[in-house]
Amino acid sequence: MSAGNMSLTLKVWRQKNGKSEGNFETYSLDGISPDMSFLEMFDVLNEKLVSENKEPIAFDHDCREGICGTCSMYINGRPHGPLKGVTTCQLHMRSFQDGDTIVVEPWRAAAFPVVKDLVVDRTSFDRIISAGGFVSINTGNARDANSLPIPKESADEAFMSAACIGCGACVAACKNSSAMLFTSAKVSQLSLLPQGQAERKIRAEKMVAQMDSEGFGACTNTGACSAECPKEISLDNIARLNREYLGSKITSSLV
Amino acid sequence: MSWLTQTLSSSIGKKLIVALTGLFLCTFLIVHAVGNLQLFKSDEGLAFNMYTVFMTTNPLIKTISYGLYAFILIHAFYGFYLAYVNRKARGTTNYARINNQSSWSSRNMAVLGTVLLVFIIVHMSEFWYEYKFGHLPYKSYTIDLAQGTVVNTENMPADFVLNSKMEEKLNDDNTTKTIIVKDLYVEAQEAFSNPLLVLFYVLGMVAVSLHLIHGFRSAMQTLGANHPKYNPLFDFVGVWLFAILIPVAFAAMPIYFFVQHLMQ
Amino acid sequence: MATSSHLDAKIPDGPLDTKWTKFRSSVPLVNPSNKRRIEVIVVGTGLAGASAAASLAELGYQVKAFCFQDSPRRAHSIAAQGGINAAKNYQNDGDSIYRLFYDTIKGGDYRSREANVYRLSEVSGSIIDQCVAQGVPFAREYGGLLSNRSFGGVQVQRTFYAAGQTGQQLLLGAYSALQRQVGIGAVKMYTRHEMLDVVNIDGKCRGIIVRNLVTGELERHSAHAVLLCTGGYGNVFYLSTNAMGCNVTAAWRAHKRGAYFGNPCFTQIHPTCIPVSGDHQSKLTLMSESLRNDGRIWVPKKKDDNRPGNDIPEEERDYYLERRYPAFGNLVPRDIASRAAKERCDAGYGVGPSKMAVYLDYAAAIERYGRGEVNKNNIENATPELIQQLGKAVVKEKYGNLFDMYKQITGEDPYEVPMRIYPAVHYTMGGLWVDYNLMTTVPGLYALGEANFSDHGANRLGASALMQGLADGYFVIPYTIGAYLAGEIRTGAISTEHEEFAKVEAEVQGKIKKLLTIQGKTSPETFHRKLGKIMWDKCGMARNEQGLKEAIAEIQALRKEFWKDVKVMGEENTFNPELDKANRVADFLELGELMCHDALDRNESCGGHFREEYQTEEGEALRDDENFMYVSAWEFKDESNWELHKEELVYDNIKIAQRSYK
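So the sequences go chain by chain: A, B and C.
Every letter in the first sequence is one number past the one before it in UniProt numbering, and letter 16, counting from 1, is 16.
Every letter in the second sequence is one number past the one before it in UniProt numbering, and letter 113, counting from 1, is 113.
Every letter in the third sequence is one number past the one before it in UniProt numbering, and letter 36, counting from 1, is 36.
No lab work stands behind these hints, which were simulated from the structure alone.
Treat the numbers as computed from the prediction; the structure is a model and nothing was measured.
Glycine is no exception: its CB is placed at the ideal position from the N, C-alpha and C atoms.
Treat the hints loosely; a few may be bogus.
Claimed, not checked - Restraint ranges, calculated between C-beta atoms of paired labels, are given here:
no., chain 1, residue 1, chain 2, residue 2, range
1, C, E613, A, T9, 26 to 36 Å
2, B, S2, A, T9, 35 to 45 Å
3, A, A198, B, Y230, 44 to 54 Å
4, A, S154, C, K355, 24 to 34 Å
5, A, S252, C, T21, 20 to 30 Å
6, C, G510, A, K19, 24 to 34 Å
7, A, T9, C, D311, 49 to 59 Å
8, A, D144, C, G487, 32 to 42 Å
9, C, T574, A, S7, 46 to 56 Å
10, C, T215, A, F24, 17 to 27 Å
11, C, E343, A, K19, 36 to 46 Å
12, C, H6, A, S154, 54 to 64 Å
13, B, Y230, A, L254, 27 to 37 Å
14, A, S7, C, G619, 16 to 26 Å
To be verified - Chain C is faced by these chain A residues, among others (derived, beta-carbon under 8 Å):
no., residue
15, D43
16, L45
17, D126
18, A142
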């Protein structure tokens, strides 16, 4: 019931590890069903490679339902492929034509070094969060949840920013490899909510400093990040981060 | 002041410098375009030449213009520096295929900026340098005081030199006055009879348009000015004023002279 | 296999509603200067792991946290959609700690421990407070207060949610608390590290062996206590709603080092998942249970009816849930809805290309909502097209994101054609057996969240998994761990040079080398698929003695074949996902057998465990409280040999009743 009839040519980036040079390998693949997800197509390819005694292609993936942010393929020149608002794992082969050549690359950014093949190291994102992407509240210190009403609009807007899955498509899409969309989404979420006010200034300063020290580029407002974001995080967040950062730098008591 | 240097050397700070200098250059463009509209006045260049004298002698304007030169250099320097840093952030390997979902101009601000820098150098050597250090001829205008119209003009001999840029005297008949002024107008007339230069200027204005269609809106975003109520206004100003009206007005000038030259 | 029935859960004495308070106030403490010298390892960074690691670090313990993903934020807790329960009674609808406790025990079909569940209900409110304080953007009403919705199996509104991404938002809250501790150096985070064994010294758990998944090197880490927060084992079925990386390895290796495994056969099958589209299928996607509120479930009355759903006239459709359970209809609990779908498909009435699906039809709801809109807006002589249009708009507002997801995956438009759904493995109630302190049978080794067996009995209610994970991590372990660690203050630093570390590391190394040297013909993936099929067919939604016995034999044979014929590509000391996979499949191949033994032992039907021999005349589950009101805790002896320990369940506060949804 599954046998499909699509034939594809895949040009996939292969790289042994972070130190070695990489190159493209070309593979042809038959019997692909349009109902397969893009990653399932890669499973088929890997099974084929194993049967030919070749090492399968390493790629990051986990939940396969578009929420964990692990999958990270740069497909035909676009992070997560041709669809808008969709992660690689939710992309299906019916978005391609029989006979297509598909070029698959890892995210490319100095701050995302390649681990192997299509797998990159995104721990820089974790370090940005560690620098300030939290509310400092120890367990057990919270007051009753309803003692602090939050306007629905603020809560909804904060939620939209909090929807970021940290996949790094924004960095991959950006010609400057800037992490502004990622950083700004977290800064926005917490600056929109009353809980985030106490650390509002220091948060923006520290997160931007960490972002810069990781080697991400500067935002030049091209908008590619938001256009490619699988969760469609808005550019408004970046403007808000600029405001938060500059406002904090000018007014905070840190000399 | 470590906080200030820290701020300005951060990624957002660098952008802030580019944005603020850029916005200043935008306001300069408005002034420059409005002033240059004098070129279209059919008074054989009197108004334009007088405007030029004003712009190069008024102390306030002179001060601002030195600021302007500095801002152009800072804008260019930081622009290139950012482009370099951003290129480095991209890593060592380029994508084999790019299908970027952003506008061409937004991705090529540094290229457009380089074109504009070349343009500014050519433009300034053509006019500013000639005016200040070159040997521009002088022209005298006789003006009817009652009507305010130019009744006679005379090109001064090539070796005629004044101590100042302009000399104004009341004629003996008490009804006319004569103004002798450096004739930048004729320089423009001559320069823009060259079709290659006209083409260069028109392309320069295309670059201005493309640079500003992204630049203005981007500068607002960098300053954090992004609000659903005002975004339409920013878009309107960015597109209609800076990307269309001003470049078109500037481009019209060389074309105007070239057409005049053809019709002679 | 031998059995014994003495297992002390260390439940505090006294009345149910003061057990926890009294225990908390009397549990031994570790003073702050001693905490600094005590190390705790947390394996897994989902809701339970991240919240535990953060909370323990806040208390002053030295914490090391491990996850196999590239970031702690990717743990599969992130995929939970629906919500989290809490007995806040914000809706003033009569909710209380006791009610939440009662609903959870009843939902679990009377196979969970009273004291644990009551404690869970007690701390549920604090979880919401903590999450809100962290900046978790829960849904709110216009007045700015928190919004609640109702969920299956209960009569109050106590579920807090953040659109369809509650798990994501809660996990990001716990993750940010964890990253804060990482930032100040209180937690040392190890990403892309997989735990491959625990090290016990003199009867106490003293550390773990992990593999650095990037370099392939084995590392030894010592600690005074080890917390396994490694999630469930649903992937033993190959196809499940779990993430690809979810595995039982950490729990299983702990089990083989002395931790008993509790109720392994209790697995939850979720009724509304998108059906399998082909052999290539790698995982299944859940569609929120809320779809059953408005959708009608049916199959054709005729066997092997190949007409498209829309072409089958009304009188030839069998709305089997409405027919069998007129009182609850399409809203029967998960286990019942799942079994009924399987029954129809097995009988030959399934739909779709695979015939392993039933229809979830929104046509009636669209029509009904459309007419409602027409009435509301006083539209006269509305055309059928207009009614359709208005109805679809209402449905889109309520379920738009789910409909989009369905269309994305199947390529079919659910506004036009009935959706096809089929049950899928979703959650495992079973897990490592733990006492009231969440400690396993190995001193110093704890299990939290889905990795333990504790609170859900034989069936978990919706929106309870998030609650349990966070309760364990934020509000239980920080107190209960003191009971053990207070005795460890004189232990001092534990050396990883101890011979036991060397021995265990060598065993892990040997296993890896063996996997790499077999070089047979079959990929780990293929073995996993085969195991999944056995488990699904014979230890899935319905089980019987004969099938289970066959399954045990088949799994044993498959395991033998695995160790003879598996082919693992790549090298040992490199990033090698194939090797990771092989390691995990090897453990699933052992777990699968234990699940079958457990299911075979339990000669009754309860919750998610349905033994075909034990059903009423109408085909409903038949529980046997007389003989099976116990937790099965299995002790590993050696290959294919376990000893069953029984923890008798005592219900002092709840009157046991038969569930009925007719």
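Hints, verified against the model:
1. The beta-carbon spacing between E613/C and T9/A, approximately 54 Å, falls outside the hinted interval of 26 to 36 Å.
2. The hinted window of 35 to 45 Å between S2/B and T9/A is violated, with their beta carbons roughly 56 Å apart.
3. At roughly 30 Å, the beta-carbon separation of A198/A and Y230/B lies outside the given 44 to 54 Å, and the hint is violated.
4. Take S154/A and K355/C: their Cβ atoms lie about 50 Å apart, and the range 24 to 34 Å is violated.
5. Between S252/A and T21/C the Cβ separation comes to about 43 Å, which falls outside the hinted range of 20 to 30 Å.
6. Between G510/C and K19/A the beta carbons are some 29 Å apart, a value that agrees with the proposed interval 24 to 34 Å.
7. The given range of 49 to 59 Å is broken by T9/A and D311/C, whose C-beta atoms sit roughly 39 Å from each other.
8. Between D144/A and G487/C the C-beta distance comes to about 36 Å, which sits within the given range of 32 to 42 Å.
9. Roughly 32 Å separates the CB atoms of T574/C and S7/A, a value that falls outside the hinted 46 to 56 Å.
10. The hinted window of 17 to 27 Å between T215/C and F24/A holds, with their beta carbons roughly 25 Å apart.
11. Judged by the Cβ atoms, the range 36 to 46 Å given for E343/C and K19/A is violated: they are separated by roughly 57 Å.
12. Under the hint 54 to 64 Å, the C-beta atoms of H6/C and S154/A, about 56 Å apart, fit the expected range.
13. Separated by about 31 Å at the C-beta atoms, Y230/B and L254/A satisfy the suggested range of 27 to 37 Å.
14. Between S7/A and G619/C the Cβ separation comes to about 48 Å, which falls outside the hinted range of 16 to 26 Å.
15. A cut of 8 Å between beta carbons decides the hint on D43/A: the least distance to chain C is about 6 Å, and the hint holds.
16. For L45/A, the interface hint is violated, the least distance from its beta-carbon to any beta-carbon of chain C being 11 Å, above 8 Å.
17. The beta carbon of D126/A is positioned within 8 Å of a beta carbon in chain C (closest approach about 5 Å), and the interface hint is therefore held.
18. With 8 Å as the threshold, the beta carbon of A142/A comes within range of chain C, its nearest partner Cβ sitting at about 4 Å, so the hint holds.
Hints 1, 2, 3, 4, 5, 7, 9, 11, 14, 16 from the earlier list are contradicted by this structure; the remaining hints agree with it.
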